[in-house]
Amino acid sequence: MPDMASLAHPQQRAFNPYTENGGTILAIAGADFSVIAGDTRQSEGYSIQTRYAPKVFRLTDRAVLAVNGFAADGNMFVKKVKQRLEWYRHAHAKDMPLRAIARLIQTMLYARRFFPYYVYNILGGIEEDGTGAVYSFDPVGSYEREACRAAGAAQSLVQPFLDNQIYFKNQVPAPGTSHPAHLPLPTVLSIVIDSFTSATERHIEVGDGLEIYIVLAKGRTLHGTESIGGMQELTTTDDGERVFVVRRDLKKD
Amino acid sequence: MDHFPTNWGRPRNDAFDAYATHPIHQRPYNGPKDTFADGVQRTQQPIVTGTSVLAIKYKDGVMMAADNLASYGSLARFKDVQRLHQVGNYTVIGAGGDMSDFQYIQYILEELSVEEISAQDGHELGPVEIHEYMSQVMYARRSKMNPLWNSLLIAGFKDGKRFLSFVDLLGTTYTASTLATGYGAYIAQPLLRKAVEGREDIITEEEARKILEDSMRVLFYRDARSLNKFQIATISSAGVSISDSMQLDTTWSFAEDIRGYGAQTQ
Amino acid sequence: MTSIGTGYDLSASTYSPDGRIFQVEYANKAVENSGTAIGLRVKDGVVLAVEKLVHSKLLVPGANRRIQTIDRHIGMASAGLLADGRKISQLAREEGSKIRKMWREPLTVKALSDRISLGAQAYTLYSSVRPFGVSTIFGGVDKSGPSLYIVEPSGVCLGYHGAAVGKGRQLAKTELEKLKLSELSMREAVMEAARIIYLVHDDNKEKEFELEMTWVGDESNDLHLPVPDDLLEEAKSRAKAALETFE
Chain A
1 MPDMASLAHP
11 QQRAFNPYTE
21 NGGTILAIAG
31 ADFSVIAGDT
41 RQSEGYSIQT
51 RYAPKVFRLT
61 DRAVLAVNGF
71 AADGNMFVKK
81 VKQRLEWYRH
91 AHAKDMPLRA
101 IARLIQTMLY
111 ARRFFPYYVY
121 NILGGIEEDG
131 TGAVYSFDPV
141 GSYEREACRA
151 AGAAQSLVQP
161 FLDNQIYFKN
171 QVPAPGTSHP
181 AHLPLPTVLS
191 IVIDSFTSAT
201 ERHIEVGDGL
211 EIYIVLAKGR
221 TLHGTESIGG
231 MQELTTTDDG
241 ERVFVVRRDL
251 KKD
Chain B
254 MDHFPTNWGR
264 PRNDAFDAYA
274 THPIHQRPYN
284 GPKDTFADGV
294 QRTQQPIVTG
304 TSVLAIKYKD
314 GVMMAADNLA
324 SYGSLARFKD
334 VQRLHQVGNY
344 TVIGAGGDMS
354 DFQYIQYILE
364 ELSVEEISAQ
374 DGHELGPVEI
384 HEYMSQVMYA
394 RRSKMNPLWN
404 SLLIAGFKDG
414 KRFLSFVDLL
424 GTTYTASTLA
434 TGYGAYIAQP
444 LLRKAVEGRE
454 DIITEEEARK
464 ILEDSMRVLF
474 YRDARSLNKF
484 QIATISSAGV
494 SISDSMQLDT
504 TWSFAEDIRG
514 YGAQTQ
Chain C
520 MTSIGTGYDL
530 SASTYSPDGR
540 IFQVEYANKA
550 VENSGTAIGL
560 RVKDGVVLAV
570 EKLVHSKLLV
580 PGANRRIQTI
590 DRHIGMASAG
600 LLADGRKISQ
610 LAREEGSKIR
620 KMWREPLTVK
630 ALSDRISLGA
640 QAYTLYSSVR
650 PFGVSTIFGG
660 VDKSGPSLYI
670 VEPSGVCLGY
680 HGAAVGKGRQ
690 LAKTELEKLK
700 LSELSMREAV
710 MEAARIIYLV
720 HDDNKEKEFE
730 LEMTWVGDES
740 NDLHLPVPDD
750 LLEEAKSRAK
760 AALETFE
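Chains as they are written, first to last, in the numbering used here: chain A, 1 to 253; chain B, 254 to 519; chain C, 520 to 766.
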């Protein structure tokens with residue numbers, strides 16, 4: 001028999017406008033390059049929805065945005081950022097600088113402070129001074145520039161690894177030496193690939209495919225990294241920064 | 254003037270207010286309610302529902318299947334409902350979830366189609382456009398906290414390209430070579446992936462039909478909200494065709510041999 | 520033009536002493552200046568054809584269409600001010616949308632023409648508006664079969680077997696009267712429509728014209744569509760041939 005008290009006050013089951021779609025993203029800044037990566041699995045609960053849903057997007061020749069969290073919000077957010085960047089191009093006849101994109105993203109996220117885009121953003125690229133940069137955001141727009149950041153389902157697995165490998169946390173340099181301030185591109189790519197193979201191994205929401213975007217500062221070459229399999233150039237101009245994407249497989253189980 | 258007859262002849266206060274001292278602005282308000290006010294009725298749950306929709310890519314196009322049942326809770330309420338719907342000349346949209354919301358979706362798509370046709374500009378809506386439109390509609394409605402309670406599959410073939418995608422009540426979207434909504438996502442999707450992944454360009458129409466039929470049979474065995482009466486839509490360079498309703502051969506004789514639960518405990 | 524200078528022609532809201540509304544008559548003049556438009560209601564459908572006068576060689580072929588689609592199954596041909604015709608088509612499409620929203624069924628040609636004529640009539644009543652400068656032919660296939668109506672600037676709305684408006688309407692009507700319209704097929708109607716348009720076109724006064732032709736009925740699966748190119752070309756060449764032997 002139904003509980004009379006619950007009949008007196010009709011219970012409300014509110015519609016939940018959010019979900020989590022898994023996956024992980026990360027970005028690492030070098031001295032004159034930036035690497036932004038994400039897996040391509042999209043899931044809900046224990047189900048894989050698709051093995052290929054990109055989470056990393058080229059915004060300009062010097063800016064790449066990785067978006068992780070609620071996929072519908074993520075796609076809409078990227079769509080709106082791209083639209084704002086196009087308007088900027090129409091108004092100013094140039095691409096928006098990276099740090100301006102970062103502030104734009106914070107403004108757009110905070111505009112939805114009371115119905116947030118449920119997404120963690122990582123913006124990577126090249127600053128106007130030619131340095132590699134990574135900006136990371138929380139869903140309501142708090143942001144800072146960093147050397148590296150992981151976000152998403154396997155953040156808790158990957159970030160400590162990056163802290164150790166990039167920031168050399170808990171490592172003591174050999175006497176008379178010091179840790180390097182920036183790592184070279186091949187080392188960074190190895191760390192990225194290892195991060196994702198490891199996350200794939202230990203986290204059920206990570207896997208299927210890996211997309212690594214590489215942004216190079218003006219004049220810098222890939223030296224030594226060209227040979228990596230599945231690389232494709234996405235640059236649209238020939239006198240500025242260059243963008244590449246590397247597509248690799250991850251385990252599908 | 255108070256335009257609401259329900260307020261006429263009432264004291265300004267519920268306790269009689271002989272000298273009309275009660276502030277006039279405290280009268281009951283009958284105008285439109287604020288968005289955040291209580292009692293605005295929105296879809297909080299689906300009522301008459303359809304179950305799984307399945308779809309796969311194959312050599313010449315895309316194929317989709319859905320049964321003809323619309324359930325009212327656990328009651329098999331409507332047993333001749335079409336859940337596959339053609340939009341324009343290149344697209345089929347299949348729906349699980351609330352059937353009245355799906356009928357509304359059919360209406361807005363009809364409205365959109367007529368608008369496009371009457372423009373007579375040489376453009377035609379293909380599956381890509383229908384998918385983008387539906388994903389924007391679904392996301393906009395969830396953002397108003399008033400969702401259209403459906404999971405939709407959109408399949409099509411235009412300009413020599415296959416297309417297959419998913420959109421749901423949250424505005425979540427994705428594409429893949431096999432898709433399934435509802436229970437099908439748990440029961441049929443693994444079967445479909447095993448049969449299709451990596452073989453999208455090999456599978457013939459006959460084989461594709463068999464894959465879907467086999468999956469529909471499994472769903473009929475295991476999904477209590479399903480019906481052994483369903484349709485298959487085929488979309489290829491030849492256009493769209495949605496089959497008549499069909500039945501599958503099923504075997505239930507094993508049921509009486511089952512022991513260990515239910516009525517027979519010995 | 521006895522009306523000029525009497526003052527009774529300045530506003531649609533004032534009758535002349537002999538009971539005329541000159542603004543409406545002037546609107547009809549606008550229609551008479553326009554290329555002919557005809558409609559044929561036949562056995563299994565409706566054919567619409569327009570003599571679209573091309574006033575400049577700079578225009579892209581096919582520009583400024585005068586036949587428009589209202590709904591899947593209804594088309595509209597107008598004679599008169601092109602922009603007014605487009606306003607009529609906009610109103611007509613909204614009507615289709617309203618009917619579909621309320622009844623979940625397609626608009627009928629009769630209901631459409633009636634509603635549009637009400638709007639046209641309203642514009643004959645007030646000093647602040649001008650009557651529509653178009654006569655519109657609505658043609659389509661609905662639950663009552665093929666239908667054809669004309670809505671005039673006065674707001675008059677009548678159904679026809681064969682309809683003609685614009686410059687050459689008198690000659691077109693005489694030609695239409697010779698046909699057994701209710702026995703023709705759509706294909707035959709296409710031939711006749713093309714012939715009539717070519718016939719009423721006055722080579723001496725107007726230089727160029729484009730034949731614009733659509734149909735709706737069995738041949739087009741009840742959709743309002745342009746007549747297929749090959750059929751249109753055949754109709755044109757037969758129309759030209761018929762012109763040689765005429766008179």
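By construction, these hints were calculated from the structure, which means they are not laboratory data.
Treat the hints with care, as some may be off.
Computed from the model, here is a short list of chain B residues facing chain C with C-beta under 7 Å [what the hints assert, rightly or not]:
id: 1; residue: Val334
id: 2; residue: Gln335
id: 3; residue: Gln373
Not close to chain B: a few residues of chain C, all C-beta gaps over 12 Å, as computed [stated by the list, open to error]:
id: 4; residue: Asp590
id: 5; residue: Gly615
id: 6; residue: Tyr642
id: 7; residue: Tyr645
id: 8; residue: Glu729
Label-pair distances were calculated between CB atoms; the ranges are [as the list claims (entries may be wrong)]:
id: 9; chain 1: A; residue 1: Lys80; chain 2: B; residue 2: Lys414; range: 22 to 30 Å
id: 10; chain 1: C; residue 1: Leu577; chain 2: A; residue 2: Tyr52; range: 30 to 38 Å
id: 11; chain 1: C; residue 1: Asp737; chain 2: B; residue 2: Phe507; range: 49 to 57 Å
Ideal Cβ placement from N, Cα and C applies to all residues, glycine included.
Structure-based check of each hint:
1. Taken as an interface hint, Val334 (chain B) does not check out: its beta carbon lies about 16 Å from the nearest beta carbon of chain C, beyond 7 Å.
2. For Gln335 (chain B), the interface hint is violated, since its Cβ never comes within 7 Å of a Cβ in chain C; the closest pair sits about 15 Å apart.
3. Because the beta carbon of Gln373 (chain B) sits about 5 Å from the nearest beta carbon in chain C, less than 7 Å, this interface hint is met.
4. A beta-carbon of chain B is positioned within 12 Å of the beta-carbon of Asp590 (chain C); the least distance is around 6 Å.
5. Listed as outside the interface, Gly615 (chain C) is inconsistent with that label: its C-beta sits roughly 7 Å from the nearest C-beta of chain B, within the 12 Å cut-off.
6. With a minimum CB-CB distance of about 23 Å to chain B, Tyr642 (chain C) clears the 12 Å threshold, and the non-interface call stands.
7. Separation of Tyr645 (chain C) from chain B is adequate, the least Cβ-Cβ distance of about 29 Å exceeding the 12 Å criterion.
8. Against chain B, the non-interface label of Glu729 (chain C) holds: every CB pair exceeds 12 Å, the least being about 15 Å.
9. In this structure, Lys80 (chain A) and Lys414 (chain B) meet the distance hint of 22 to 30 Å, their C-beta atoms being roughly 27 Å apart.
10. Taken as a hint, the range 30 to 38 Å is violated for the pair Leu577 (chain C) and Tyr52 (chain A), whose Cβ atoms sit roughly 50 Å apart.
11. The hint said 49 to 57 Å for the Cβ distance between Asp737 (chain C) and Phe507 (chain B), and at roughly 54 Å that hint holds.
The earlier numbered hints that this structure contradicts are 1, 2, 4, 5 and 10.
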